[in-house]
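**Q** Residues per chain are reported as follows:
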Amino acid sequence: MRVKAISRILALVVPVLLSLNSHVFAVTAQAEAPVKESATAAAPAGPATVAAPEGVAPAEATATHEAEGAEKPGEVIMHHILDNKVYPIEPFGEIHLPEIAAKPFGIDISVTKHVVMVWLACAVLLVVGLTVGASFKSLSSKESPKGMANAIEALIDFIRTDVAKSNIGHGYEKFVPFLVTVFFFILICNLIGLIPYGATATGNINVTLTLALFTFVITQAAAFKAQGVKGYLQHLTAGTHWSLWIIMVPIEIIGQFTKPFALTIRLFANMTAGHIIIYSLIFIAFILKSYVVAMAVSVPFAIFIYLLELFVAFLQAFVFTMLSALFIGLATAHEGHDDHAVEGAHH
Amino acid sequence: MEGLGYLGAGIGAGLAVIGAGLGIGNIAASAAEGTARQPEATSDIRTTMIIAAALIEGVALFGEVICVLLALK
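Those protein sequences? They're chains S and L, same order as listed.
With numbering that gives the first Met the number 0 applied, the first sequence covers 0 to 346.
With numbering that gives the first Met the number 0 applied, the second sequence covers 0 to 72.
Chain S extracted, bound-state conformation (with noise of 0.2 angstroms):
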């Protein structure tokens, strides 16, 4: 059993490091030099207004005093918040990934660190949903599952009852494995954000816009079956008088998109917000340059917080799981129009 799993792990890791061609593994020592370029590069736009007042330091010195390492905190956090084509490794050097020169539409499709993160989240949900999915398969009805099979049984019965049952109601097996897939993604993409070399791919703004457009397309398919097009029409008029329809069928509509606008945001904002926090905690023991607040502040809070952001990474998979179902029960509600007063508070 674990020789097979090790076979598939390798098997789905192999051609994903082979896909990332030679170049890849360039070290250090091409790397440094385009850096100090970018920063002799960056350092005229910036100091020409800043340094004209103080008066202290040409833009050249600033610059080199920079690259040498005393940068600003601010850019630091930016530089590993944001998504870039060179994925560090810091004390061995850094990855460049491999830019694909064909821009469809006009769209940088290159590799980027979050893209790798999102490919080893797959890769991990594959692993993990296979080897589950083959002990399940190899148990007879008396036998209970054992290990991480019971691990993940206990995460996808909670979201199959207390989520989608709970909140869907009529007909919500269609929408399980939606929820059950799109849980475990935005968990293994958070947790994998909180380990040392990873990145956050779910605090990218473009992968948690795409899982919020999943589950945009999936409710509006969801209203359409459920209500038809006349019974759809009727819903966004929210059963009102028709002199109201001006003012009502506008807000609807609108609510329609808000909703997985508000999806999208929550993700982005909480992951992003948790990782900044940890690097400004850190950074505080950088600026202040000593010892004993590294000691007494920077370190154990940032320990705090990292264990507060493995329960957030846990709670935001669950938030986006269970709006996700709320929306779409909300959509396929058949009794009448009492609905609208719950979803009225949401938005």
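One or more of the hints may lead you astray.
[As the list claims (entries may be wrong)] Covered by chain L, according to a simulated footprint, are these stretches of chain S (three or more residues, beta-carbon under 8 angstroms):
1. 97 to 105
2. 320 to 328
[What the hints assert, rightly or not] Stretches of chain L that chain S covers, calculated by requiring three or more beta carbons in the stretch to come under 8 angstroms of a beta carbon on chain S:
3. 44 to 57
4. 60 to 66
[As the list claims (entries may be wrong)] Now the in silico label distances, taken between C-beta atoms and shown as ranges:
5. L:Ile10 / S:Tyr290: 28 to 38 angstroms
6. L:Leu3 / S:Phe285: 23 to 33 angstroms
7. L:Ser29 / S:Ile106: 23 to 33 angstroms
8. S:Ile99 / L:Asp43: 48 to 58 angstroms
Worth flagging that the hints you see were computed from the coordinates, not collected in a lab.
Since the model is a prediction, treat every value here as computed from it, not as a measurement.
Where a beta carbon is used, it is the ideal one built from N, C-alpha and C, also for glycine.
Model the placement of chain L on the given structure of chain S, informed by the hints.
**A** Here is chain L on its own, set in the frame of chain S:
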């Protein structure tokens, strides 16, 4: 005058946190009260509490994102 942007970002972040703190505090207080009165409804109350807290937090995070954008501009 350039510093005013940072000032605005800081004040805005603080105000957003005050709002979210008040809101989530109210929810937690009501949920604790409700659970104490009716312990058998604990799981329902918890679910409702988490949803409401997440929604409030979402609105607060809109504010925070705007503040971050302001500070980075």
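**Q** So which of those numbered hints doesn't the model satisfy?
**A** 1, 7
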